[in-house]
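Asks: Read off the chains here:
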Amino acid sequence: MLLGILNSQAAGGKQKIFVAGDTSGSRLTSPDGVTWTQTAAVALEINDAAFGAELYVMVGRSGGVSTSPDAITWTTRDIFTTADMEGIDFVNEVFILTGNDGILKTSTTGTGYTDRSTGTGSRLRCAAYGASVYVVCGDSGEMYTSTNLSSWTSRTSGFGSSGIFGVAFGAGLFVAVGQSGKITTSPDGTTWTSRTSNFSSSYHILEVAYSDGLFVAVGQNGGIVTSANGSSWTARTSQFGTDEINNVSGGDGLWVATGQGGKISSSTNGTSWTSRTSGTTSTIKGVTFG
Amino acid sequence: MTRYRFEIDTENAIRIWDDVNPNESDAPFMFQPDWPDLTPWEDSAQATDWAEVFIASLVDPESELVAGDSPDTHPALRPEPQEGE
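Chains as they are written, first to last, in the numbering used here: chain P, 1 to 290; chain X, 1 to 85.
For the record, the hints were derived by calculation from the structure and aren't laboratory data.
Careful: at least some of the hints might be erroneous.
Each pair of labels, with its calculated beta carbon distance range [said to hold, decoys possible]:
id, chain 1, residue 1, chain 2, residue 2, range
1, P, D101, X, P22, 20 to 30 Å
2, P, S275, X, E80, 28 to 38 Å
3, X, P71, P, Q38, 48 to 58 Å
4, X, E7, P, S161, 21 to 31 Å
5, P, K16, X, T2, 39 to 49 Å
6, P, T114, X, E7, 36 to 46 Å
7, X, T39, P, S161, 36 to 46 Å
In this text, all values refer to a predicted model and were calculated from it rather than measured experimentally.
All residues carry an ideal CB built from backbone N, CA and C; glycine is no exception.
Same shape as in the complex, but just chain X:
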């Protein structure tokens, strides 16, 4: 099972790593400097909560909640599977 870790820097930007490519340079697979809708993180606690929900949704693809795009929509219910493509 893929393992994840994350860090919040002094500007509250999130970096998330996994262990998929252990021999590669230590680049994060995810860098989230702000909310997906470009709203700045209010504080490190808000960024931490987003990262934890995001990782939980990767670990469990059937989790009920996923990380939201904005403070007003976080956490969000996982979208129902749609038909097509």
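Next up, chain P with everything else stripped away, as it sits in the complex:
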């Protein structure tokens, strides 16, 4: 815990750290992705994490949302739903919260949330922003775009009835990933192109992130693939074996992948990954950098 405090209050301002949360509610921090410290544990099965507006936000089961300015002291937030929360993303200075029953909420502070509606009752899982467009995605290939967060337009994603589990924007492209190893790209959120992921179609891609000129996508069976342009993808060795990788986060030249059994791998280039000790055996679905 002391390590987290010292790094969070480095002279001259806050030092960026990785913050992760597992399905037993434990929260972990790391200044470098290599050494991890457990800072807190509360009753929240964590599904995702994000950092923005000087706040770490974790979301999970039964409408659970908790926030922290330092990844040490956490505050539970009431978002007035008991639906399971699947995703939290901070994009274009806005938190976008997605969940079961078509739950879509936004917040500029991370503490109070505004209800939004795409009109769907299906589970929403992920959000991204780029090219002046917000994109949210979810089960059954559902995809919606908006320029103002208030009105949303249904898009045909190219996923058919397959679930979309992650979306990110970088290098001028949205990249959406999901069921059966599917990847599609789009410059504008409207027109999409199917790409070969180098994931087996037997496994799902569960998350994608963009940082430092690189897309990294992770998923079942220990799969990691990377791409600089979103079109051509290369498989990497994750150190997860056949375990599921649930999330990935990058920043300042560092990458961290987290998943089943509390496994964590870190990388300085997205290509070579090293297994790290997390101190938890619960699945780590939430990880963020900030």
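Put chain X on the given structure of chain P with help from the hints.
Replies: Only chain X this time, still in chain P's reference frame:
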């Protein structure tokens, strides 16, 4: 039921439209300039076949075949549903 149409341009690139947003500008939802693995389309017939299989797999979510990622894997058997997430 959603209706689809597609065009193949002079460079064999595929554009696919649907009628989900009839009041919107006429942007295709799918633009496939080459095979998903970046192999160039051999000819318009190859691109047409890919588009037809792709659309058929959208119209019938239980169709046996789906569009493949490369000439060698097209058409592909629809992946079996997997557990998880």
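Asks: Confirm or reject each hint.
Replies: Each hint tested on the structure:
1. P:D101 to X:P22: 20 to 30 Å: Given about 28 Å between the Cβ atoms, the range holds.
2. P:S275 to X:E80: 28 to 38 Å: holds, 30 Å
3. X:P71 to P:Q38: 48 to 58 Å: Check passed, 51 Å falls within 48 to 58 Å.
4. X:E7 to P:S161: 21 to 31 Å: holds, 24 Å
5. P:K16 to X:T2: 39 to 49 Å: holds, 45 Å
6. P:T114 to X:E7: 36 to 46 Å: With a Cβ separation near 41 Å, P:T114 and X:E7 satisfy 36 to 46 Å, so the hint holds.
7. X:T39 to P:S161: 36 to 46 Å: violated, 26 Å
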